[in-house]
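Novice: Residue numbers (this note's numbering), protein chains in the order written: chain A, 4 to 267; chain B, 819 to 1079; chain C, 13 to 353.
You may find that some hints are simply not true.
Pulled a few chain C residues facing chain A out of the computed Cβ check, cut under 10 Å [stated by the list, open to error]:
#1 S28
#2 H31
#3 T91
#4 S103
#5 I113
#6 M117
#7 Q121
#8 A138
#9 I139
#10 H187
Derived lysine-lysine pairs resembling DSS-like cross-links, with alpha carbons at most 30 Å apart [what the hints assert, rightly or not]:
#11 C:K208 / A:K96
#12 B:K835 / C:K32
#13 A:K257 / C:K208
No wet-lab data here; the hints were simulated from the structure. Glycine residues also receive a C-beta, built at the ideal position from the N, C-alpha and C atoms.
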Amino acid sequence: MTMLHKYAALLRRAMGLMLEYRASIVIWMLTGVMPLVMLAVWFALSEDGPIAGYAQNDFVSYYLLLTLTRQLTNVWVIWELDYEIRHGDLSIKLLHPINPIHEYIASHLADKVFRLWVLLPLAVLAWLIFPTIHYDVTPLTLTLFLLTLAVAWLLRFLSQYCFGILAFWISEAITLNEIWFAGMLMLGGVVAPLDLFPAPVAAIANYLPFRFMLSFPVEIMLGRMTPTDVVTGLFVMCGWLAFFTLLYRWLWRKGIRQFSAFGA
Amino acid sequence: MRYLRLLLIFYKNSLLKELEYRVNFLSNVFMSVFWLAWGIVGISIFFGHRDKMGDWTYPEVLMVVGLFTFFNGVMEAFLRPNVGAVIEQIRDGTFDFVLTKPVNAQFIASLRNIVVWRLVDVIIGLAVIVYALGQLHVTPTCWHIGSFVVMLATGTAMVYAIWLLMVSLAFWFVKIDNITELFYAFYEAGRYPVTIYRGAVRVLLTFVVPIAFITTFPASALLGRLDQTTLWIGVGVALGLLIVSNRFWNFALRHYSSASS
Amino acid sequence: MPDSPIHVEHLCKYYSVHHKDPGLIGSLKSFVWRKYTDVKAVDDISFTIHAGEIVGFLGPNGAGKTTTLKVLSGLLYPTRGSARVLGFTPSERRAAFLRQITLVMGQKQQLAWDLPALETFLVNAAIYEIPDEQFKRTLNELTELLDLAPLLKKQVRKLSLGERMKCELAAALLHRPQILFLDEPTIGLDVTMQTKIRQFVREYNERYGATILLTSHYMADVTALCQRVIVIDHGKLLYDGDLHALAEKLAPHKLIRVEFSQAVESARLHAYGTVVKARAQRAELLVPREAISEVTAQMLAQLPIADVTIEEPPIEDVITRVFEQAARARAERGEATEEDE
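Okay, chain A solo, but in the shape it has when bound (with noise of 0.2 Å):
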């Protein structure tokens, strides 16, 4: 009995409840219209004229790609996490030979797969009302667009989780993850396209983790990077994932220390 198939059962649960919720994941989805929100502005923006090279149909191709990214790297692990820690109920996932981290994936891989047949044709119809959007559409770039897709929405997954686990310390672990939400709007390419701000925040922003929580696959597909470009982001990305993985478990095995000292 591997690993696989242990996936494979909490999966097919996970499939089963969110067919249950599937009302209210769709209302969920309205809720990460932010970088809609941000196509207006810039789209009425660049009315005149591009700016920094992005012209009005530039900020469309960007956003909507941006919009689907983020629906498909959406985690929500921290508000069950912190309300199963602080009420006691993880108690019940520590009874079983299995780490809880498990289940928690499961049911967000269940809710992709919900999202992108809600997505899908929601994409091919933007393509039909925008038919100037453009992407560099290759196999290679279609290639590490979904490879770094998976690895943004892993990335949001365990730096989520990781504020999560301070629930078996302090009781606003909620609030502190808004701080880092709110770091990933503004340096993950919400607030405006990464290539539009001052040279020097650019600089620091393209080696911060944001950037590889969302806008770096967009990025991919929009074909504006050299590809020593891409390849040194491929690395950063890397490297932010292993450091990812690394503090999770660190922060999980003293926060188990911490949870068995003082129970609930």
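Guided by the hints, dock chains B and C onto chain A, whose structure is given.
Specialist: For chains B and C alone, coordinates are given in the frame of chain A:
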């Protein structure tokens, strides 16, 4: 008089609750500063490439951002905590406790909770407005300040009325809290002067989600650019909305009390 | 004994809690500086449990019963002292350890709320690495023992509390653990369901020889299932041994219930023992154990008795007396708290 004392008790309790969570306090202050920075960064990025946003200069747009933050502070401190609270109470049936109190239900529902730290937004928003006015070397006249206050009041009244309408819907559609998220999304667009938008979007942001009345028009008023028609339309619409929403709220309450067991 | 599955030695579990004065000044003070005190949830407890035993933990709320169970199942680690279960240190939470135990908490559930119980069973089967054949067999046995057939495919949230409890028990036992920790398993259930659960626990113990630790508020759980009880109060172990021996030690009386064929004055009854209740044709008396046969014979000879029964005093009274004695002892040592008043 009784209501004033009640208000003070509500606020004292909210403050006590917040003092329990020290990390929240620091976070809240940070988030206030962040969202102000969000607005400023957005426009600064733009002004790094252009000189004017529509026919607004940088300090003028800055004032709009300041107004948004100021108003957002008022919303987050007084309005939003109650929206969530009332909808949740309706959902888990504890709203009955509100109805059985010998105090006007709308009063309690609207003003029960206050998130004290959000008042930081009010302060920093005001600071930005004052700074922007300083940059423009503009000293508003009494009339300008008067129409500014009127616009602000009408904006607040409109948003409150719309909130009341949405919450009233919660008596029928319990899952309404996600729809309120949609409202906030439109509201976000008001961080920047509404005049940059064209056509349908502009109409939307002026009348459906009257964000223009909260930020852009008061800013125009301070700058002496507001025309009388807009002013009086605003007052009229605000009064109308207040009456309609109050009626609808009472209607919803009657329906609720007769339906729930 | 080298192969006792559960062995606890001088176990202590302390918590730090911070206190706040009420009011605005209190809140501002606690904002700046926090005061902590130690709560001794478990204070120097030792016991050994042998394979196949069913042991009851008795104690009032907050006595330390649940804390002890949580230490034994690995959810909490000891502040001092040690606990060993099946040769493992529970707080290390090794997979091999977790696969052999189960903890059922009456108030918490592991079943997914919006799906049928069977879905969670399948997940558990994978998590505990139960081979298909064994899973089917165990599920059938549990279905038979607990009457689960009509419940398995219904959404858990549509089940009644009793039905849910049965499914929770099944979910907890799919992996045939050797050690069962049951924390208030019958809480909130109606009397019929309580009896069913007790029957199930007994049958499970007989069939599989599992070692069972049970905490409960309800004396009926303990009297029905446990030979041995451990009484805990304020974190301290007050008694560890046979339940009826405890009763005999603390309640040196037995209760005689009589029915008379004609009215008898209650004044006459005082000669035989302490009168608890007296009506025209019924009475209850407390009589010392040693004298019971003698007194009964006297009564039968001298009174017009239609029916007589001899009973143990209710166990509840016995246990209450244990706690009262403990409270008195604490007061003498000057450790009285608000609860003792």
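Novice: Each hint needs a verdict: does it hold in this structure or not?
Specialist: Hints versus structure:
no., hint, in the structure
1, S28, "holds (8 Å)"
2, H31, "violated (16 Å)"
3, T91, "holds (8 Å)"
4, S103, "holds (6 Å)"
5, I113, "holds (8 Å)"
6, M117, "holds (7 Å)"
7, Q121, "holds (7 Å)"
8, A138, "holds (3 Å)"
9, I139, "holds (5 Å)"
10, H187, "holds (9 Å)"
11, C:K208 / A:K96, "holds (27 Å)"
12, B:K835 / C:K32, "holds (12 Å)"
13, A:K257 / C:K208, "violated (42 Å)"
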